[in-house]
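J.: If you want the building blocks of each chain, they are given just below.
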Amino acid sequence: MEHTDLLIDWSRAQFALTALYHWLFVPLTLGLTFIIAIMETIYVKTEDIWWKQTTQFWMTILAINFAIGLATGIIMEFEFGTNWSNYSWIVGDIFGAPLAIEGLMAFFMESTFFAMMFFGWEKVSKKMHLLSTWFVAIGSNLSALWILVANGWMQHPIGMTFNPNTARNEMHNFSEVFFNPMAVNKFLHTISSGYVLASVFVIGVSAWYLIKRRDIMFAKRSIIVAASFGLISSFYMLISGDESAFEVAQKQPMKLAAMEGLYKGEERAGIIAIGILNKEKKIGDKNKTFLFSFEIPNALSFLGYHSLNAFVPGIEDLIYGNKEHNLISVSQKMKEGQIAVNALTLYKKFKKEGNVSKAKEALRTFRAHEHYLGYGYLKTPKDAVPNVALTFYSFHTMVGLGTWFLILFILVLYFAMINEIENKRWILYLALWSIPLAYVAQECGWIVAEVGRQPWAIQDLLPVGMAASNIASNSVMVTFWLFTILFTGLLIAEVKIMLTQIKIGPEAH
Amino acid sequence: MMETISLNALQIYWWLLVSVIGALFVFMTFVQGGQTLLYTLGKTEAERDLIINSLGRKWELTFTSLVMFGGALFAAFPLFYAVSFGGAYYLWMSILFCFIIQAVSYEYRKKPNNFFGTYFYERLLFINGSVGIFLLGIALGTLYSGGNFIVNEMNLSHWTKTSYGLEALLVPFNIAFGFMLVFLSRMQGSLYLYNHLDNKALEQRTLYTLKQNTMMFFPLFLYVMGSMLFQIGYSYDEHTSIVHTESMKLLHNFMQYPQLAVILVLGIVILLFGIYSALFKLNRRAIWFSGLGTILTFTLLLFILGINHTIYYPSLADLQSSLSIKNSSGSYYTLFIMSIVSLLVPIVIGYIFFVWRAMDKKKMTIEEIKSDSHHY
Numbered sequence: 005m006e007h008t009d010l011l012i013d014w015s016r017a018q019f020a021l022t023a024l025y026h027w028l029f030v031p032l033t034l035g036l037t038f039i040i041a042i043m044e045t046i047y048v049k050t051e052d053i054w055w056k057q058t059t060q061f062w063m064t065i066l067a068i069n070f071a072i073g074l075a076t077g078i079i080m081e082f083e084f085g086t087n088w089s090n091y092s093w094i095v096g097d098i099f100g101a102p103l104a105i106e107g108l109m110a111f112f113m114e115s116t117f118f119a120m121m122f123f124g125w126e127k128v129s130k131k132m133h134l135l136s137t138w139f140v141a142i143g144s145n146l147s148a149l150w151i152l153v154a155n156g157w158m159q160h161p162i163g164m165t166f167n168p169n170t171a172r173n174e175m176h177n178f179s180e181v182f183f184n185p186m187a188v189n190k191f192l193h194t195i196s197s198g199y200v201l202a203s204v205f206v207i208g209v210s211a212w213y214l215i216k217r218r219d220i221m222f223a224k225r226s227i228i229v230a231a232s233f234g235l236i237s238s239f240y241m242l243i244s245g246d247e248s249a250f251e252v253a254q255k256q257p258m259k260l261a262a263m264e265g266l267y268k269g270e271e272r273a274g275i276i277a278i279g280i281l282n283k284e285k286k287i288g289d290k291n292k293t294f295l296f297s298f299e300i301p302n303a304l305s306f307l308g309y310h311s312l313n314a315f316v317p318g319i320e321d322l323i324y325g326n327k328e329h330n331l332i333s334v335s336q337k338m339k340e341g342q343i344a345v346n347a348l349t350l351y352k353k354f355k356k357e358g359n360v361s362k363a364k365e366a367l368r369t370f371r372a373h374e375h376y377l378g379y380g381y382l383k384t385p386k387d388a389v390p391n392v393a394l395t396f397y398s399f400h401t402m403v404g405l406g407t408w409f410l411i412l413f414i415l416v417l418y419f420a421m422i423n424e425i426e427n428k429r430w431i432l433y434l435a436l437w438s439i440p441l442a443y444v445a446q447e448c449g450w451i452v453a454e455v456g457r458q459p460w461a462i463q464d465l466l467p468v469g470m471a472a473s474n475i476a477s478n479s480v481m482v483t484f485w486l487f488t489i490l491f492t493g494l495l496i497a498e499v500k501i502m503l504t505q506i507k508i509g510p511e512a513h
Numbered sequence: 186m187m188e189t190i191s192l193n194a195l196q197i198y199w200w201l202l203v204s205v206i207g208a209l210f211v212f213m214t215f216v217q218g219g220q221t222l223l224y225t226l227g228k229t230e231a232e233r234d235l236i237i238n239s240l241g242r243k244w245e246l247t248f249t250s251l252v253m254f255g256g257a258l259f260a261a262f263p264l265f266y267a268v269s270f271g272g273a274y275y276l277w278m279s280i281l282f283c284f285i286i287q288a289v290s291y292e293y294r295k296k297p298n299n300f301f302g303t304y305f306y307e308r309l310l311f312i313n314g315s316v317g318i319f320l321l322g323i324a325l326g327t328l329y330s331g332g333n334f335i336v337n338e339m340n341l342s343h344w345t346k347t348s349y350g351l352e353a354l355l356v357p358f359n360i361a362f363g364f365m366l367v368f369l370s371r372m373q374g375s376l377y378l379y380n381h382l383d384n385k386a387l388e389q390r391t392l393y394t395l396k397q398n399t400m401m402f403f404p405l406f407l408y409v410m411g412s413m414l415f416q417i418g419y420s421y422d423e424h425t426s427i428v429h430t431e432s433m434k435l436l437h438n439f440m441q442y443p444q445l446a447v448i449l450v451l452g453i454v455i456l457l458f459g460i461y462s463a464l465f466k467l468n469r470r471a472i473w474f475s476g477l478g479t480i481l482t483f484t485l486l487l488f489i490l491g492i493n494h495t496i497y498y499p500s501l502a503d504l505q506s507s508l509s510i511k512n513s514s515g516s517y518y519t520l521f522i523m524s525i526v527s528l529l530v531p532i533v534i535g536y537i538f539f540v541w542r543a544m545d546k547k548k549m550t551i552e553e554i555k556s557d558s559h560h561y
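Chains A and B, in that order, give the protein sequences.
Here our numbering is used: the first residue of the first sequence is 5, the next is one more, and so on.
Here our numbering is used: the first residue of the second sequence is 186, the next is one more, and so on.
It should be emphasised that the hints constitute simulated quantities derived from the structure, not laboratory data.
A virtual CB, placed ideally from N, CA and C, is assigned to each residue, including glycine.
A couple of the hints might just be wrong.
Claimed, not checked - SDA-like, lysine to any residue: derived pairs with alpha carbons at most 25 Å apart:
(1) A:K500 with B:H559
(2) A:K216 with B:N298
(3) A:K131 with B:K243
(4) B:K295 with A:G493
(5) A:K224 with A:N423
(6) B:K346 with A:T8
(7) A:K131 with B:R542
Said to hold, decoys possible - Which stretches of chain B does chain A cover? Using the computed rule of at least three CB atoms under 8 Å from a CB of chain A, they are:
(8) 245 to 256
(9) 264 to 272
(10) 298 to 311
(11) 516 to 527
(12) 540 to 551
Take the sequences, apply the hints, and build the full model.
T.: Next comes the structure, spelled out in structure tokens:
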């Protein structure tokens, strides 16, 4: 069955919707579980009941967030089957394993110790309870590890071979999949960004108490823990972000070009610190790329290739090819890909007919061209370009906000340490209004990673157009709107409940 | 070591694991069964709070079991994952919606300013426990009764009915399977609450709902078992892989492997004993017998589909597209690697057992909930 553009669009829209909703809740869980574990450790060490109360308050907030995170998360796993069934077969042999391991190693740990963490205060010893809290934190982060191993593989598929008999990719080296540099960096960058969000959240909520001049002790203690945690995480996030960009430059040059709005490749390429894209700019025309821009010279060459003079290919170099820098055009790759697709079809046909020699010949042809198999399914070379504006602005928003959070942590920690934080109301307001910004940064990060690699479900191997389930687009449209209504309703409920709990405050615990 | 284990052995091992996880999930649906009994058992708000808080300590394990069941199927039998989830779209999506609404309902039900009100979340829990489990039963029923799919030479599939799986709701066997699971979950829910709660009024009512639901469950169970064993089944030729129908295929499988038949019978007997010991001996620990019986019974009912050249997911649209563990599994390497990972299962079971025991040492009372720092 031929996939229609409408079906692909609805399938992508639904996946984007559910992923973006899910990602509203996961980063807070990733970070808050650790912040809570640190607070409870202080309680167990000092036996100061204030720390217990502080821990229990943040646990209540965590529980509200955790529940909706689970609700929006279950669909993500099953959507690979329901909406991307071709994908499930073509790469399920590699992709399914980390998902199953995630369930076994992470989900059970999280869900089992979750009950003890919330309800076991009076049922188990202090140390056992503390252990359960740490297990929940470790479990939730382990879950991120395995899903990002899977996602990293989608960005940079290694450790597998294509089996023409089963017409799918099959894993042949698990350690290559697990230690995929893209996966390792993704994991470190994602969890550290989650820690940053959670720190901003705790600081922002605590700042609100200080603005209202209530629960002062609780707020100041929470701020010190969160700002310390956030500051360390921020440095870690910067380092892992730098490593991620390096990997993207090597493995996904088109994504890097889109992130920077780089149409024509150049040596000693600079990073656009601030820029407004020219809407009229099209691939291959003479229009200026930016209406306004401020550039840091040589920085992109250094970021992408760790050399100030390196050549960074632009979108047009990647589309049309660049002989000087040994870049093959997309149309050439498409030709090779189409040869591979046809050879695979012939191989299956001859094999079914029992024509061994012709099947062998077709297989040889396939093997010679399979490197570009995915390009064989593209319709035009420009299909290989992601949405530049969305990727560019998301990337720059994410980086800008990430930098702001680092500054915020330094300021907040400094004033908290000299015991002046409650008197610096401008900082408190900045901290409070940084909470929504942290969520914006998270969503932008996800957009950069996922929109930036379009049209690929699996980089260079499987375009999204080939990966979708063979169902009517109307069916996906129906479920898209149902998800929109349901998740929006649940989000409103979650925000109202959380705000009410914050207003009630830690004294209730 | 890799050379000593055959692909067939790994496929059977993984089918067994999937069967065990599926059966564990069926047992864990006592949470859903309990949810449907919320208003039948809980006559006052305090009683309903007690029931919710008792079930609320376990709901995540059930949820995780379902996720694990899906994950194991994806990893070990990706063609089934692609064919069934991608084809029976409306059926699986309906199931997922029923589980999405469960995840928030416990936590949000009694929270102030919860937007929809307590009753709304309680209704969601009822839908999850009734419609969700019924639809899951329908989906599991299609493993025996079949689905309308075609798999092409590239192993890509499509569904031939535009109702995308909802047509399975019209098959009597599937309907019976669905209701059977609903009543089983309510039986287990009654037994769980009977075991976990310290409340005189609820004790009597749980025994009454146990009796009621047992009376509904057993005729359906007999019908489902009879249909499975004595109706047409599907098998494939070992050498040519050609699929054909075979009358009473599952019965033949049990006859060929009598040890499996013995375990099945044992499972049913233990399940019956559990119910008997609760109803007639007032044994609070009856849930463990009925639970073990349920796990053994459903493991066998699923496992028997994967052995002896049996088709576990017949295609009603094109018989040759039908799925067996042979033509739908992951590669040898992937199954082997995951088999190594599966050695962690005893550790997981160990800490679940430890936490369960630590948390359930004392029966739950209304007073305990009131004094607890966190409750639903």
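J.: Enumerate the violated hints, using their earlier numbering and listing them in ascending order.
T.: none
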